[in-house]
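Could you put the whole structure together from the sequences, leaning on the hints where they help?
Here the sequence shown stands for residues 279 to 372, where the numbers follow our numbering.
No lab work stands behind these hints, which were simulated from the structure alone.
Treat the hints loosely; a few may be bogus.
[Stated by the list, open to error] With a straight-line cut-off of 27 Å between C-alpha atoms, the simulated BS3-like cross-links for lysine-lysine are:
#	residue 1	residue 2
1	Lys328	Lys344
2	Lys365	Lys328
3	Lys344	Lys365
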Amino acid sequence: MISTDDIVDIISRLSQKNSSDRQSSARYGFFSRPEEPYIRSFSVLRGGRKFFSEYDLRQSLQRGEKTIRLTRGTIISPLAQEIIDEKGIEIVWE
Numbered sequence: 279m280i281s282t283d284d285i286v287d288i289i290s291r292l293s294q295k296n297s298s299d300r301q302s303s304a305r306y307g308f309f310s311r312p313e314e315p316y317i318r319s320f321s322v323l324r325g326g327r328k329f330f331s332e333y334d335l336r337q338s339l340q341r342g343e344k345t346i347r348l349t350r351g352t353i354i355s356p357l358a359q360e361i362i363d364e365k366g367i368e369i370v371w372e
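Shown next as structure tokens:
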């Protein structure tokens with residue numbers, strides 16, 4: 279069984295390692311970098327990619343558009359994709 283002294287020893291050893299080792303210690307639940315107290319999400323859209331939602335699609339349909347023009351790399355929501363498939367709407371990638 280792990281005692282309180284064992285936990286203190288583990289934490290003190292982690293704090294003495296160099297910064298590259300400290301960064302990887304976050305995988306094990308030890309956050310020893312106060313400037314970054316959490317692991318950033320990998321689900322964030324990066325690089326300015328656009329998101330085309332069901333709301334955007336309905337707005338286009340209300341304007342009477344039969345073809346949707348999207349820039350390459352745009353992410354289409356699952357619900358928007360389902361409506362596109364049901365209604366046979368054409369997607370043009372630019």
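The hints, checked one at a time:
1. Taking the CA atoms of Lys328 and Lys344, the gap is near 20 Å; set against the 27 Å cutoff, the hint holds.
2. As the CA atoms of Lys365 and Lys328 are separated by approximately 22 Å, the hinted pair is consistent with the 27 Å bound.
3. The straight-line distance between the Cα atoms of Lys344 and Lys365 is roughly 9 Å, inside the 27 Å bound, and the hint therefore holds.
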